[in-house]
Amino acid sequence: MKYSYYPGCSQEGSALDYGKSTGAVCAALGITLNPIPDWSCCGSTPAHAVDEELSAALCARNLDIAAREKADLVVTPCPSCLSNLRTARYRMRDEKFRERVNELLDSPAADELPDATSIMQLIGRLHDAEDISARVVKPLKGIRLAAYYGCLMSRPARIMEFGDPENPTLMETLLAACGAEMVDFPIKTVCCGASAGIPERPLTAYNSGKILELATKLGVDAIAVACPLCQMNLDLRQKQAAKAMDLNFDMPVMYFTQLMGLAMNIAPEHLGIEQLCVKPAALMSKYAANSANGGEK
Amino acid sequence: MQKKIVLRNGVYMMNSIDLNRSRDTAFIKEVERISGQDISSCYQCGNCTAGCPAAFVYDRQVSQIMRAVQLGLKEQALGCNSIWYCLSCSMCSLRCPNMIDVALVMETLRHMARHEGLVTVPKMEKFWFSFMDTVRAFGRTYEVGTMALFMMRSLKFTTDLDLAPAALKLRKLPFIPHSAQAAAGKIIERYRKRAKEEGVRP
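Residue numbers (numbering that gives the first Met the number 0), protein chains in the order written: chain F, 0 to 296; chain P, 0 to 201.
Hints are computed from structural coordinates only; laboratory data are not their basis. Please note that a few of the clues may not be correct.
Unchecked claim - With a cut-off of at most 20 Å between alpha-carbon atoms, the simulated EDC-like pairs for lysine to aspartate or glutamate come out as follows:
#, chain 1, residue 1, chain 2, residue 2
1, F, 209, F, 165
2, F, 95, P, 197
3, P, 192, P, 100
4, F, 95, P, 196
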C-alpha cells in the first residue's frame, strides 16, 4: 500500500512540534512519509464556512495529485485537514457537485480520489498494542494522561469512521501501550472552541477552560491531543481560558506523538518538547526517574 | 466571567418564535434540498441544544432554529447570530435521535444568509476572509498574516496581543510566510470570479 503524506499548514507554523514528533515516531516505526508534491492548504474551517464547493476544490487538488502519484491512501496528522479531505472525497461522488468543483480546478480531478486517514489510525492499523509495547524503551510508567480527541477526529461519524464517535479509544490504546496510565475523560470529544479564538474569544476560552478544569481535577500530568488547533487553544491560550473560568491552570498539553516518542527513547529536542508553552516539568521528572531506574516496564 | 455568561444566556433564552407570520414553504423546501436533510422529522427533543458548546453565545438555540425552519420562518432562521457562531463540531448531528445532520443544516443556513447578503456577525466573516486571503497569497495558511488582516478589517488592534510574547519565544508563529505556492490562490480567484458572475457574496 502506498501512502502520500499531507502535513497540513500548521505543521510549518503553530504545530512545528507536532510535525517534528510525527516524523520522528513514524521513522522509528518504519513508516515512510512522502509528502504530496506542492501540496496546498485544505481551506480549514474558513473555506467550508464560506462555501462547500470552494472547500472541496482546495482539497480535491491535493487528493488529485496523490491519485496521480498512485497513492492508495493520504495520511495527515491534522483532524481538520482530515475532515475536509474526507468530506471533499465523499461529496465529489455526486456528479453535479463534482462538476461545480472541477470548474475551479486547473484540470478536472480524477474520478476516483484516494481515501484519507489520520496518522493515529495509520499507526494503529500497522502496529497493535503488543507491537508498540515491544518498541518501548523508556515506558511512561506512573504518568497519568487524559486523551482528548476534540470534535473533528470522530465527527461527522458517517464521514470520519473513527470508531465510537463520542468515545473513541485509539489514543488510549497507543499511549497505554507506552506504559502511561490513561484516565477516563468523559469530555474527550467535546469541542475546545476551535477557530473562534481570534474573532470571539469567550467562545474558545470558556470551552477550553472546561476541558482544562476537568483535567486538572482528575490530577493528570498532561492532556494528550491529536489536533493542532486543540493544542493551541489549550496550551498557548491557557491563560485566556483560566481568566474566563476564574481559575488557575498549569496543565501541559502534549501531542500523542510526543508522548509516544519519549517512550520510544527519542530525544526530547527531536520531539519539540521545548516548544510547548506550558512546560511538562512534573511529567519530565517522572520520566527521567523512570529511565534512571533502568526503564522497567 | 461565568456569571456573565449565565446572565447572557438567560437574556437570550427569552427570545421566542413568532407564530403569527406566514409560512414560507419555498424556504423550507430550499433548506431541505440544499442540506439533503428531512427537517420535518425533528420533534424538538432539544438534544442538539443540550450538547451545543456554543449555545451560551447564541441568540437563538439550535432546536429553535430547527423549529423556525419547519415553520418556514425565514427571517428568524437566517437572521440569528447562531449560524455564524456555530463551531461546526457536529455534536448536534451526532446526538439527534432522528439522524438529522443538524450541523449541516446550520451551515446551509449560513450559506443561504450569505447569498442573500445577510451577515449578522461580520467579525466571523472577517476572520474567514483574512484566513482565505493568506491562502490565496501563499497557498498555505500564514498565521501572523491572518491575524494582521483580521486586525485591520475589524479595527481590533489588540486581538491576542497577550499571546505575542509566548508565541515569539516558542518560535511557533514565524513572521515570514512559510510557503510560496500558487495553485490554491488560483482556485480561490476562480471561486471569487464565479461567485461574482452568479451574483452571490464570494
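Exercise for the section: Quick one: which hint numbers does this structure break? Sort them smallest to largest. Expected result: Hint 3 alone not satisfied by this model.
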